[in-house]
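Number of protein chains: 2
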Amino acid sequence: MISETYKAMLQQKSVIRNLAEAAGERAKVIGAANVFDYSLGNPSVPAPQKFTDVMIRLLQEKNPMELHGYSPTLGIPSVKAKIAESLNRRFDMNYGPEHIFPTSAAAAALAHAFRAVTQPGDEILTFAPFFPEYNPYVNLTGAKLKVVPADTTSFQINFEAFEEMLTEKVTAILVNTPNNPSGAVYSAETLTKLADILRKKSSQYGHDIFLISDEPYREIVFDGKKQPYVSKFYANTIACYSFSKALSLPGERIGYLAVNPACPDAATIVNMCGQISRGIGHNCPTSLLQLAVAEVLDETSDFSVYEKNRNLIYDCLVDIGFDVVKPEGTFYIFPKALEEDAVAFSQKALAYDLVLVPADSFGCPGYFRMAYCIDTEKVERSLPVLRKFAHEVYGK
Amino acid sequence: MISETYKAMLQQKSVIRNLAEAAGERAKVIGAANVFDYSLGNPSVPAPQKFTDVMIRLLQEKNPMELHGYSPTLGIPSVKAKIAESLNRRFDMNYGPEHIFPTSAAAAALAHAFRAVTQPGDEILTFAPFFPEYNPYVNLTGAKLKVVPADTTSFQINFEAFEEMLTEKVTAILVNTPNNPSGAVYSAETLTKLADILRKKSSQYGHDIFLISDEPYREIVFDGKKQPYVSKFYANTIACYSFSKALSLPGERIGYLAVNPACPDAATIVNMCGQISRGIGHNCPTSLLQLAVAEVLDETSDFSVYEKNRNLIYDCLVDIGFDVVKPEGTFYIFPKALEEDAVAFSQKALAYDLVLVPADSFGCPGYFRMAYCIDTEKVERSLPVLRKFAHEVYGK
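Protein sequences, first through last, are from chains A and B. For the first sequence, position 372 (counting from the first letter as 1) is numbered 1099 according to the numbering used here, and the numbering increases by one without interruption. For the second sequence, position 122 (counting from the first letter as 1) is numbered 849 according to the numbering used here, and the numbering increases by one without interruption.
Chain A on its own, in the form it takes in the complex (with noise of 0.2 Å):
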């Protein structure tokens, strides 16, 4: 019998996809150019050309049943070396390969995270504005996400609230950092401040609580400043990261676990995830992209048209007069709408082909989300169209 779970999930639809496809409609009758669609968070960048370089020496000079051969079910050893390699040198960590687990991109390393630190009825904690895919990442596996209010002045952490959530049922906390709809990079004293709390609780509930950080924008960080490692902060944590944003590959499914070293369970917690991946078919990423990125670990897609969209898109939001909070990394930007329904709002702007998207879903409800990972050309074109809107909706 087919099941009522993922048949009764048909019905939710999904704000942003309802959005892209009334785009692609309108964009069938204007042509895409005069579509201003802000909705996907899709690279814009391509991919390094040494990754091009990469993949097709391996293909040509490679033998194919060792290139194309099953991945050890923990990953191949030497890219594991690698990654490992890589972030020691880059983030001052002693990750070992034991420490290290290819994943099909964040998605695969999130999936093995919340499985392997939770128990079904346990509670995972997240924080306003949210990436709304954790809801059925979380939701499916039998544990409960939940949503700590938005701290709408910074996007850094809303402690307070953040204090009164965190109970006993609470095993793990998801961060994403730097954050997807704000752009927000969470500063060293947030996390100092986010790490002494879970110390302090975790040893009054005599239970561990991890911290699985989500860090697919790692390397997208504006004015020449830079993410600090989230694992530096504390013991128990289990960084998920993805190669889609920084070498823009997102289709290509290539990614990895890290549990921290300083975690007394961290070699145990990437054994287990071998255990998990045989529940969920996930076998380990494709063995080919596994070699090929362990071969340009210190590369990424040129950033700088995110940076320089950024800086066009605010300076034009603030003139026009909207509450914004300067991101300082991704490629997304996180508004206040003009009125207290941004659904009502990204309705109007839809009159004037522009795709916004409302944030009810990201759990900050009266925000919009722009993510511009589009070509500054047109983003450039789209400023005086918001500039119109604003001002003849809103009277700004």
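Take these hints with a grain of salt, some might be off.
Identical copies look the same in the list; a pair holds intra-copy or inter-copy alike.
Stated by the list, open to error - Capping the alpha-carbon separation at 25 Å, the derived lysine to any residue pairs in SDA-like fashion look like this: (1) K777 / V1052; (2) K740 / Y797; (3) K953 / T995; (4) K734 / G848; (5) K873 / T732; (6) K927 / E731; (7) K871 / D1046; (8) K928 / D1068; (9) K1035 / G796; (10) K1105 / V874; (11) K1123 / T800; (12) K1105 / P791; (13) K1053 / N815; (14) K734 / G933; (15) K734 / P847; (16) K809 / E891; (17) K734 / A994; (18) K871 / R926; (19) K953 / A735; (20) K789 / E1026; (21) K959 / I729; (22) K959 / G848; (23) K959 / N885; (24) K789 / Y1041; (25) K740 / F818; (26) K953 / V1120; (27) K789 / P775; (28) K755 / I1047; (29) K740 / F889; (30) K871 / E731.
Treat the hints as calculated values from the structure; they're not laboratory data. Nothing here was measured: the structure is a model prediction, and the numbers come from that model.
Here the structure of chain A is known, so what remains is to put chain B in place on it, guided by the hints.
Same frame as chain A, now just chain B:
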């Protein structure tokens, strides 16, 4: 807190893995060429050159943003259409793209299929001998795998035992033909009888019973024969396919799930798979591999070496006096051990540097599996050793 469920699984040692490790240790001493390792089902013939050519062409010619961009949740439409067209042409079916869901090989296809057609507590029946990974694959979903005892005379289906076990709790049947580990190819007669029983019992119990067909070996059939296409026999069939064996790409994790268009819920089930993916972190197989396999759907690796090995080993085993059914496909053969305890038998064989897998975990104690996806030259060198072992230890 770390999960006790997955931690406990670390204590269970896989017989195959232990044997592979012992073989690896021995190889360090006497050289890999001198260990007759029949333990692993890793293809021993290369991927078709055309596959490699297509991959390189895609990397050289296609816009990297398009090539490496996100796949739609339900797979790349052009890829789905090509898979449907190839299946229709080869197996006289009428799939549309809406019936095809690309997956990270058969393991992921199965992970989706099990969740799509069971609720926690439902039973899935499979037939011994069976691939032991089915246990965690099914049981970690909350459904329960039950194993119908083998028909050891032919390794078709033991229908008497099957009908007894086919209670109202059963919502899905899992078949694997050509079969790992027996090499049996279910006949049209077997599949007709199976389908008749399922229709009768579905009607009697007033609920659907799905047939989940795990078919990674579909193309590896000997003597010019073909595997009758399972979905032709029964409307509510979900085919789970992998290119791992057909194209010798086990590490690249690429395959698909195809729901029989004759199933009334076919398109709904594919849509549900998109929801199931969210909970298990699947998010489609890699875009590049989806596009590449779509260009080589009618290709396979050269399987003649498997057939040659099958003939050599089968003739030798019969000559020695083993009780063995001639495999009609795959790259496995499944003889009865020369003593009741196949684990003891395999241990004794190891002293002759013969790595044979006892079949207790395959649901068929007293038998053993040989995976003959190795060089023919090595098979030829191993046969006198097999004779010597049978003679010296068992007086054959």
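> For this structure, which hints from the list above don't hold up?
Replying inline: As far as the earlier hints go, 1, 3, 7, 8, 10, 11, 13, 16, 19, 22, 24, 25, 26, 28 and 29 are violated by this structure, in ascending order.
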